[in-house]
Amino acid sequence: MMGGNDQQAYDRGTSLFSPDGRIYQVEYAREAVSRGAPSVGVRTAEGVVFVAMSRASSTLMEAESIEKLHKLDDHVGTASAGHVADARQLIDFARRQAQGNRLRYGEPVGVEALTKYVTDHVQENTQRGGTRPYGAALLIGGIENGEPRLFAADPSGTPNEWKATVIGGGRKAIQEVLEEEWSEDLSLDDGVGLGIRALAARDDELEPGDLAVATITDADGYHTVPEDEVAAAFDAAGIEVPDDDADADDADDADDADDDADADDAE
Amino acid sequence: MMGGNDQQAYDRGTSLFSPDGRIYQVEYAREAVSRGAPSVGVRTAEGVVFVAMSRASSTLMEAESIEKLHKLDDHVGTASAGHVADARQLIDFARRQAQGNRLRYGEPVGVEALTKYVTDHVQENTQRGGTRPYGAALLIGGIENGEPRLFAADPSGTPNEWKATVIGGGRKAIQEVLEEEWSEDLSLDDGVGLGIRALAARDDELEPGDLAVATITDADGYHTVPEDEVAAAFDAAGIEVPDDDADADDADDADDADDDADADDAE
Amino acid sequence: MMGGNDQQAYDRGTSLFSPDGRIYQVEYAREAVSRGAPSVGVRTAEGVVFVAMSRASSTLMEAESIEKLHKLDDHVGTASAGHVADARQLIDFARRQAQGNRLRYGEPVGVEALTKYVTDHVQENTQRGGTRPYGAALLIGGIENGEPRLFAADPSGTPNEWKATVIGGGRKAIQEVLEEEWSEDLSLDDGVGLGIRALAARDDELEPGDLAVATITDADGYHTVPEDEVAAAFDAAGIEVPDDDADADDADDADDADDDADADDAE
Amino acid sequence: MMGGNDQQAYDRGTSLFSPDGRIYQVEYAREAVSRGAPSVGVRTAEGVVFVAMSRASSTLMEAESIEKLHKLDDHVGTASAGHVADARQLIDFARRQAQGNRLRYGEPVGVEALTKYVTDHVQENTQRGGTRPYGAALLIGGIENGEPRLFAADPSGTPNEWKATVIGGGRKAIQEVLEEEWSEDLSLDDGVGLGIRALAARDDELEPGDLAVATITDADGYHTVPEDEVAAAFDAAGIEVPDDDADADDADDADDADDDADADDAE
Amino acid sequence: MMGGNDQQAYDRGTSLFSPDGRIYQVEYAREAVSRGAPSVGVRTAEGVVFVAMSRASSTLMEAESIEKLHKLDDHVGTASAGHVADARQLIDFARRQAQGNRLRYGEPVGVEALTKYVTDHVQENTQRGGTRPYGAALLIGGIENGEPRLFAADPSGTPNEWKATVIGGGRKAIQEVLEEEWSEDLSLDDGVGLGIRALAARDDELEPGDLAVATITDADGYHTVPEDEVAAAFDAAGIEVPDDDADADDADDADDADDDADADDAE
Amino acid sequence: MMGGNDQQAYDRGTSLFSPDGRIYQVEYAREAVSRGAPSVGVRTAEGVVFVAMSRASSTLMEAESIEKLHKLDDHVGTASAGHVADARQLIDFARRQAQGNRLRYGEPVGVEALTKYVTDHVQENTQRGGTRPYGAALLIGGIENGEPRLFAADPSGTPNEWKATVIGGGRKAIQEVLEEEWSEDLSLDDGVGLGIRALAARDDELEPGDLAVATITDADGYHTVPEDEVAAAFDAAGIEVPDDDADADDADDADDADDDADADDAE
Amino acid sequence: MMGGNDQQAYDRGTSLFSPDGRIYQVEYAREAVSRGAPSVGVRTAEGVVFVAMSRASSTLMEAESIEKLHKLDDHVGTASAGHVADARQLIDFARRQAQGNRLRYGEPVGVEALTKYVTDHVQENTQRGGTRPYGAALLIGGIENGEPRLFAADPSGTPNEWKATVIGGGRKAIQEVLEEEWSEDLSLDDGVGLGIRALAARDDELEPGDLAVATITDADGYHTVPEDEVAAAFDAAGIEVPDDDADADDADDADDADDDADADDAE
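So the protein sequences, as listed, match chains A, B, C, D, E, F and G. Heads up, the first sequence is in our numbering, so the first residue is 1 and it goes up one at a time. Heads up, the second sequence is in our numbering, so the first residue is 1 and it goes up one at a time. Heads up, the third sequence is in our numbering, so the first residue is 1 and it goes up one at a time. Heads up, the fourth sequence is in our numbering, so the first residue is 1 and it goes up one at a time. Heads up, the fifth sequence is in our numbering, so the first residue is 1 and it goes up one at a time. Heads up, the sixth sequence is in our numbering, so the first residue is 1 and it goes up one at a time. Heads up, the seventh sequence is in our numbering, so the first residue is 1 and it goes up one at a time.
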């Protein structure tokens, strides 16, 4: 996206502008997000749906340990993309804010307020010296005053509210599916299906096992969708699962990619 | 505006002068403002008007989340341009100052005083090490002692009072319209119309949906103008709305520009 | 004044000497002052006169907001030149010192003492790391023990007492007029006239509207001269006002120079 | 893996992103881990097994002083790889956290919680200035709520849960053996055998004396397997021990490699 | 005195040695002193004499504001040379030490002790980071235990005691006169005359108005010699005053040199 | 061992990794150790023996002031190699830890625990900014629970336990002798002899006067072996002392090497 | 001693090692010592003798102000060489330590202990960032438990005990004389004579006036030898004083060298 000698002059200090008004360290942090697997968030009439892709680099890795979806509070959750260790810090930060809000005010934090706690913290890391930006993005979604709301927080610290969006790699193709198919009156199941189809638009070999799904509704709060229901939703979404051979190939790919994947903490 | 090797020597340290007496980091921060969509402020006989342009990068983005207009206190508001995350920090800073003023002195802060709290803070970030300037500009307007007042705060930390002005991209063309059409006895509605016409001067395909409008009057304080009234004012301002085809094209443009816009936090 | 590769080695650190014993950052800060519009101070038998030039970059900018003249205490005022945001910081600093002096000692601060508070603060910013020098100069004048006194404070932090002097752009031509025409027994009105003539020596198209004038006398303290009196003094000073066409041209110039002026905070 | 001039620009500051979204200092820290001897962790039905390789650089070095396996708490242990002095700091940090947890909550720390204490600390060293990342990786394993669990913590601060994995040099070949042979119902002895075979896959001359083995079970907690049992397990694992001549050669190798090994603290 | 590329490597950090054991920043600070007008100190049998040269850059500058001679305590004074703002800081520092000494010990500070307070402070600025050396030198003289004593403090922080010496520009020629003409039994008037002759040796157009003279004696303490007595001493010293034409020329020179002198704070 | 431009990029910051996972400042600190004279430690059945080589650079230097062997506590001592001033800091640090341990716990510190206090401190200087690694290595030996133990601490902060080892220059040749001759049942005298023979293997002209010897036993604690006993042990070790002529030559060598040795603090 | 590009990479940061294990800033600080005039210390049977050379750069400089010999406590003194301002700081530090020791323990500090206070402080300045090493060396000598002892402290912070030694310029030639002539049973007068002869070996034109001499004995403590006794000892030492003409030449030399000497604070 950028190149040449001019660029080198500006990207060494975390908090400097380039002559064209960009903060390169922030843009490079976005690249770290783009290197990660995508996470989709869909706001439906019934609640917020998160569908995250995370394929383990080895068959021995516990899939659930590649945590992309997290509960932040009873009615608020998050999906992450990018540098895993950075994302974990942000998620911990968000949880502490949610807990602190309950302690201080005796009530759960709002989705928008929680997003802004996070983005304020993220922005500080783009302006003060002695640190680098966070190389992770978060979707933060939940129920606020009975209404589902969905926000995205990027490495610059900008919060935006969305009907449906995606963070991480392959955003263009995925967002196109969301824009084409999203409507105001989606049911929760519709939202899960849309999230799966959107991710499948970018990955021909997507399988149910590559996905984690969570929902947040007024009635049930944050809810992790069990693996069998994800598989059923996968079928319902009309995605063709690659046959066994392809599956085996894919496992081989995972093996072959092992050393590379290890050197890469953006998942 | 500047170029060559000489320049590189001075722009790496946030708080250094170049041989011709410029502080390049401040000038680059201004470039960050110029990359953003414009916001117009108009002082009228009845109060202050803000008209801000913000076109969402996706049809799924909640337009109101691209917050360009904000209430700071009962009779004071702000319009921003430039790096969104930076602008949010400045807006939060201004709000805390307004609240603090009420707590300390039992009365609302004046528009000029509030502007200077902000510009003092902005200036510090251009002189002390360990930080970068803010890549955002603010218009701060409201009612002070019954009179409407309008100020602009730029990335150097310079406050200026204006009858009508614009911050963000395309300033020259927009300011020309303001200078030609502004008069002391504008009504509030005149002010809204002038703001819309000024922004239209720079953008052939401007639509009511691209605009946010707010007014601050002695009687009603800070008031967000609802979308239908903006559309009506748009018609009244005599701006030709592009036809549906053009509209569709525009939506396509937004889609096409998706990846670029994501990489850009100046809105 | 300086140039070449040698220079680059020394100007990156705020507080380093060059081999010839110069502190380049201080000299570059002086360049920032030279980029600004000039301010003249004249000590007369009756009091101190400040005449400052400040032409707004747009007809919609409130001229009084380009504050060049400020009251610091009952009998002390200041005129500034250079980087506007820096000058404002110094003026605030001077005001706080004046107030603090009253609180601590129960009496107004002397003109010389106040100047030295300011220059001590300015000098520190030329010696300690983590900051840059102030890109602004101040004239500080007033009545001390019944006598008018006038000081200049430059970006190195050097205080000097003057009978009459100028800070900002075009100093050489302006100072020559002051040296030729100043005498010990000038009346206050003579001083205003001399200040205007001196500024006119550098600017063929000077108009009363471009000027701000203030006086400090034992009897009346700090006094802002109203616009009509400035115009009268302008006539009395025998300056030929350019005709309307020229005036219109000048307004065009202001418009044409708009974008440039915006990028420049030295006014 | 990387090269050229571009890279040099980014690797001098510990906490900066490169244009492609990588944090080179973290990747170089991973190289420090790859330079070390491998440590294997295997989760079995009965508990967690650690098998670590550490060949002394001299016959006079006390083998047990090249500590690769450590007890962290009654039912939690760790295996390390990479820069020895860094690993020791992390192990001490983990122990203090385990002790603190007992003091604060009156109960032992969970394996996952302890891992995350460590990875949070590791991540901070990749983001804050004034430090470098840790050049060491840890396997942390133990019994939590009666169940064996095994985690890996890498220099980026990313925690992952594993059924069986390896850290340190030669990972690809070793992990392949683990993936082929691991099954859910392994006994503790099976686990020891698998760990030995996996390490042998990378080193033709592996001997029992090069290995340290520890197990963590609900019944016995952290248990260091004595040397004779390691030798027996070695035989049971069907690894062919090189004959005496080869052994002597190997000792010579150790001698010859002496000076090099001394200059290398990744073991 | 120095030159080439080697030098550049060492002078960027304030507190580093060059390979030949020099601290370049200290040597450059000495150059700042050499750029200033000279100040002479003469120890006589009756007391210490200071004769300082300071020619105002404009006829409108108050000569006494170019303060080169200062009272530090009842029987101690100082003459400065070099960067004016730095010298002022050192003089303030010395005054505070003198006052503090009276408060702590109830007696005036000795001349030698006061000099060492100053040089300790100056030395610190040559060794600690985050600052630059002082670009000024001081002569400190006075009466200690009834005896006149004279010290010089240079930018390295080295104190030396002198019978008579000079700091600032043109030292070699001036010191030669002092060495030829100084004797132990000089009267105070002899000392003033010697100081004037020494300065005249370097400047053909020296006039009484260019000089400031002060004496410190046991009987009268610090005493500023009035202008008429300086003129009389000037005549008595047998210096030929340039005629009026030359004087006018000199004034022209001052005018011509105006812009240059402004850019130079070493006076 | 290393070279070229790549290297320069990594060795300027104390705590950065190179692309191959090395910390160059630590490796250069090891070079500082290699420049020093060697110190040997031998664990025997009766206690620990230290034999250190230190040849004075002048016949007038007091040999005992080139302190290489130090008592740390009643039953613990140390031998050092490398940068002398750094070694002294570490030795003082170790002594304070030993004293503190007695104060806190009422008992002497263990040899292993003391070594780890030291290596933790050494490691910190390889990871935190604002400092450099220690350019010294220590052998720490003594009696712990009645058993002799011997540890080495290198500039990376890695502790290792040894039966016998050497730090400082010429390690390879010396360690070979130790490996060939060391056995578990050495008497204390055997240990002294082995240490002397090992050092002689590297230096043809070794004389008793070049050696310092100390022993630590359970019965006698730390004991400095007197010079005559060292000479006797030297004879007993079968080392041929060079004749007088060679001795004189050696003294000349010391003289000739005077200036070089002065410039070198690794002894 | 060193040269080329490699070197430049390592000498900019005060506390970094070069690839060959040197700390260049320390070695450059030694160069600063070598640029200074030499100071000799001689331990005799009766006490310690200091003979320091210091030729004033002008006949008007008070020779005693070029203080090279200083009393630190009743029975301890010091001789310095190198950067004068740095030496003064070290001497003040040593004095404060001596006073503190008396306050804390009620007894005078030992010569060795005092030396180590100083060298610890010196070493810190070679390891911590934000400062440079001291460019000065000290000889510290005195009576400890009735015995004369003599130590040298160099810029690395290494203490060494000596029978007789020299610090500063021309060490090789001077140390040779000391080594040839020193014996255990020297009287105090012998020691003074040896010191003078040693210094004369390097300077053909040495005169009594160039020397300062002090002795420390158990009976008399620190004693400054008066000028006439120095002259007598000079004669007794058999040094030929250059005739008057040479003397005059020498004075001329001092004059000629004036400007150079001023630029040099190593005396």
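The hints are simulated quantities; they were obtained by calculation from the structure and are not laboratory data. Yeah, the Cβ is synthetic: ideal placement off N, Cα and C, and Gly gets one too. Please note that a few of the clues may not be correct.
As the list claims (entries may be wrong) - Calculated cross-link-like contacts (lysine-lysine; reagent style DSS-like; alpha-carbon spacing at most 30 Å):
| hint | chain 1 | residue 1 | chain 2 | residue 2 |
| --- | --- | --- | --- | --- |
| 1 | D | 172 | D | 71 |
| 2 | A | 116 | B | 116 |
| 3 | G | 71 | E | 116 |
| 4 | G | 116 | F | 116 |
| 5 | C | 71 | B | 116 |
| 6 | A | 71 | D | 116 |
| 7 | B | 71 | B | 116 |
What the hints assert, rightly or not - Reference excerpt, derived from the structure (chain D facing chain A, CB under 10 Å, subset only):
| hint | residue |
| --- | --- |
| 8 | 21 |
| 9 | 26 |
| 10 | 63 |
| 11 | 66 |
| 12 | 123 |
| 13 | 126 |
| 14 | 217 |
Practice item. State the violated hints by number, sorted upward, taking the hints as numbered earlier in the document. Key: Failing hints, ascending: 10, 11 and 14.
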